[in-house]
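Protein chains: 2
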Amino acid sequence: MRTIRYQCELARRAQQQLLTRSASQKNALLRAMADCLIASAERILSENAMDVEEAMRDGQSVALVDRLTLTPARLEGMAAGLRDIAALTDPVGSIVEGWVQPNGLQIRQVRVPLGVVGIIYEARPNVTTDAIGLCIKTGNSVVLRGSSSTFRSNQAIVNAVLGAFSESTEADCIQLLDDTRRESVVEFVQMKGLVDLVIPRGGAQLIQTVITHATVPSIETGVGNCHIFVDESADLDWATSIILNAKVQRPSVCNSCETILIHEAIADRYLPRIVSELNGRNVEVRGCDRARSVVPTMMIASDSDWDTEYLDLIIAVKIVGSVADAVHHIRQHGTLHSEAIVSNDFENISWFTSQVDAAAVLVNASTRFVDGGEFGFGAEMGISTQKLHARGPMGLKELTTMKYIVVGSGHVR
Amino acid sequence: MRTIRYQCELARRAQQQLLTRSASQKNALLRAMADCLIASAERILSENAMDVEEAMRDGQSVALVDRLTLTPARLEGMAAGLRDIAALTDPVGSIVEGWVQPNGLQIRQVRVPLGVVGIIYEARPNVTTDAIGLCIKTGNSVVLRGSSSTFRSNQAIVNAVLGAFSESTEADCIQLLDDTRRESVVEFVQMKGLVDLVIPRGGAQLIQTVITHATVPSIETGVGNCHIFVDESADLDWATSIILNAKVQRPSVCNSCETILIHEAIADRYLPRIVSELNGRNVEVRGCDRARSVVPTMMIASDSDWDTEYLDLIIAVKIVGSVADAVHHIRQHGTLHSEAIVSNDFENISWFTSQVDAAAVLVNASTRFVDGGEFGFGAEMGISTQKLHARGPMGLKELTTMKYIVVGSGHVR
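Chains as they are written, first to last, in numbering that gives the first Met the number 0: chain A, 0 to 412; chain B, 0 to 412.
Don't read these hints as lab results, they were simulated from the structure.
One or more hints might be untrue.
Claimed, not checked - Negatives, chain A to chain B, calculated, CB over 12 Å:
| # | residue |
| --- | --- |
| 1 | Ser45 |
| 2 | Glu52 |
| 3 | Glu231 |
As the list claims (entries may be wrong) - Chain B regions said to be covered by chain A (calculated; three or more residues, Cβ under 8 Å):
| # | stretch |
| --- | --- |
| 4 | 54-66 |
| 5 | 361-375 |
| 6 | 381-393 |
What the hints assert, rightly or not - Derived EDC-like pairs (lysine to aspartate or glutamate); straight-line CA-CA distance at most 16 Å:
| # | chain 1 | residue 1 | chain 2 | residue 2 |
| --- | --- | --- | --- | --- |
| 7 | A | Lys25 | A | Asp234 |
| 8 | B | Lys191 | B | Asp370 |
| 9 | B | Lys396 | A | Glu169 |
| 10 | B | Lys396 | B | Glu96 |
| 11 | A | Lys396 | B | Glu166 |
| 12 | A | Lys25 | A | Asp89 |
Using N, Cα and C, we set each Cβ at its ideal position, and we do this for glycine too.
So that you can see chain A by itself, here it is in the shape it has in the complex:
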């Protein structure tokens, strides 16, 4: 087993070689990777079958086994993902700003790769190719720390795409960590100087481990306790379709809705309707005392419900007195991910959008739209729920940094 440090050193060295590749060379590499992936389909699927078998033997959840399982169609999707990334515009080299100082000094701020990007993720082999594609496209080496339960699948995928490289020193730009012991996460996030950014893609516990131990800069992703506030003036048909979409379409994802806040002036009129619609779609509704006085059949919401990311067909409902109360509740319980208002009132919409602190604030639209694909980024590396460097869906640009290039002709101060 190679050490984490050794693999990070290989990645760092290889990145210098990647730096000399033009955008079209990198795109050719990505397309070749897609071809290699398809060419190795049989091998990947058989390795994956062993991971799946072991996961079932270990009594893993159906959801985990489903995410882990590869099929020929899913593998085609992964290859298509690499080709899609190849077709995107390369942000590297673009000039973000450029000006000339009064003394004639020319200053340009240019996008450059971050260097070495680390990804820590769980049993999702499709993340392996997504991360490789996005990182190589932006000239970064990538160090993948997948879960031990997906190791065989990940290794087969990485071995396949490495076939696209003609030089083994450059191929070092993709590293799948051999060390998948639980404690290796802590060691990995302390590779300061070798790794420039680490992105944990997983549950709250993984993110907490990274925040506590990381010396490498990290970006938090994915925890979403998202709210929808239905204002007094809301179009109630819009409110209903938005709530149903945000809860039911895909409840297991971070941009699904967990709590609805309903203006007291429409509670009597609207609450029975939305509860019945939700129940009709097998959603369990848990309400505050005031909500339960309107719909007494509702389950009771305990204090902890307001802070729970259910990721399931459960939703909490609270009656609030005003948009200010809704904002106050979101400040107390939100996770800075995506927060929505359904309203037809200009002032209330203005207040909500300016006062709610979140990666995305939505007006009369489902929280499910906060997604790289829906934003038109083509691909995403997760949704950042913190404020530094990247906020919201992370696309290619968020995998770059900037460098100032300052040109003079013998200039001194």
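Starting from the structure of chain A, add chain B where the hints point.
Frame of chain A; chain B shown alone:
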């Protein structure tokens, strides 16, 4: 003594009030602070005199006592700094990008304040007003953790500028930590959820403490082991004036030059000249073996010299075989701050600017230009030497984050 947590909570609450201020209201506040500072000059200077007296009694260095000492002129300068910040354009609210998706969803990426910004700094009372000015301008609360040796001065300054606020709850947006014990730095950088960004402005040891213990995102600033590479094709008059400027004009700052790399083809011709010029300005020159074979009177550079940020009238010299060798040396020893090439060769300049990884790469200009003022930012919060969020001189924009505002009309996926 109030606890750190309590003061951070006050700052967070007050920031919500700051959020409702328009740019012109914030600017009026900054100008009122400048007036308050001048009105309290007598009190500030007398408190400062006590800090200075104690520092001298404690045998602090002349440099520290100089940085600590306030004079009426320096106080005027600090007030002028606040007025200058008031005159800058407010980045808050500016739309960074905005587009409409094919489904009609409107997406805007808007600049918003970070929230609560923490600054950890050493005995420089002028940083107190700079940090306050930049943070309030951008709608952020600021929590100042100055050094204990400057506490009386800082407190007098903060008390003065707080006179500009009419409401005490809003005045809580400026917090000077009561707790200046050494160990309070560690507690402060773990105020995750209350503080959004912490910026250490100080030496390598402070920065290391922050990196090791912080759970709050932080930005490294200020360590600069900067190089100037003199290429074979360099205009040697430019090289000389750039080196002298970068070493001598202000040796104690992070963008001064610490090592010069000289192409072997011009070593015999150029080295005696630059060494004599440097010696003539009291600069001690330490050379590698090859350099000393050309100028034998030179001191010898040990391995540790290549990694030393002298911040003094000392410079190291190394002879290199090519631009690639120079890049290699900088990769080994640079601190990602500012790196310069003096050259007249197109290919070598291209190689150097593309291959050197640093906040700023300079061509035929002194490293001393890497500075917020020289870049035209009006004021700066330090120079970031890391790659996330901000790189290079940090102005107002770097004290903001982004928020997506997504507007639909009942849109669902």
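Right, here's what the structure says about each hint:
| no. | hint | verdict |
| --- | --- | --- |
| 1 | Ser45 | holds (35 Å) |
| 2 | Glu52 | holds (34 Å) |
| 3 | Glu231 | holds (17 Å) |
| 4 | 54-66 | violated (count 0) |
| 5 | 361-375 | holds (count 11) |
| 6 | 381-393 | holds (count 6) |
| 7 | Lys25/A with Asp234/A | violated (48 Å) |
| 8 | Lys191/B with Asp370/B | violated (30 Å) |
| 9 | Lys396/B with Glu169/A | violated (37 Å) |
| 10 | Lys396/B with Glu96/B | holds (15 Å) |
| 11 | Lys396/A with Glu166/B | violated (42 Å) |
| 12 | Lys25/A with Asp89/A | holds (9 Å) |
Taken one by one, the earlier hints fail for this structure at numbers 4, 7, 8, 9, 11, listed in ascending order.
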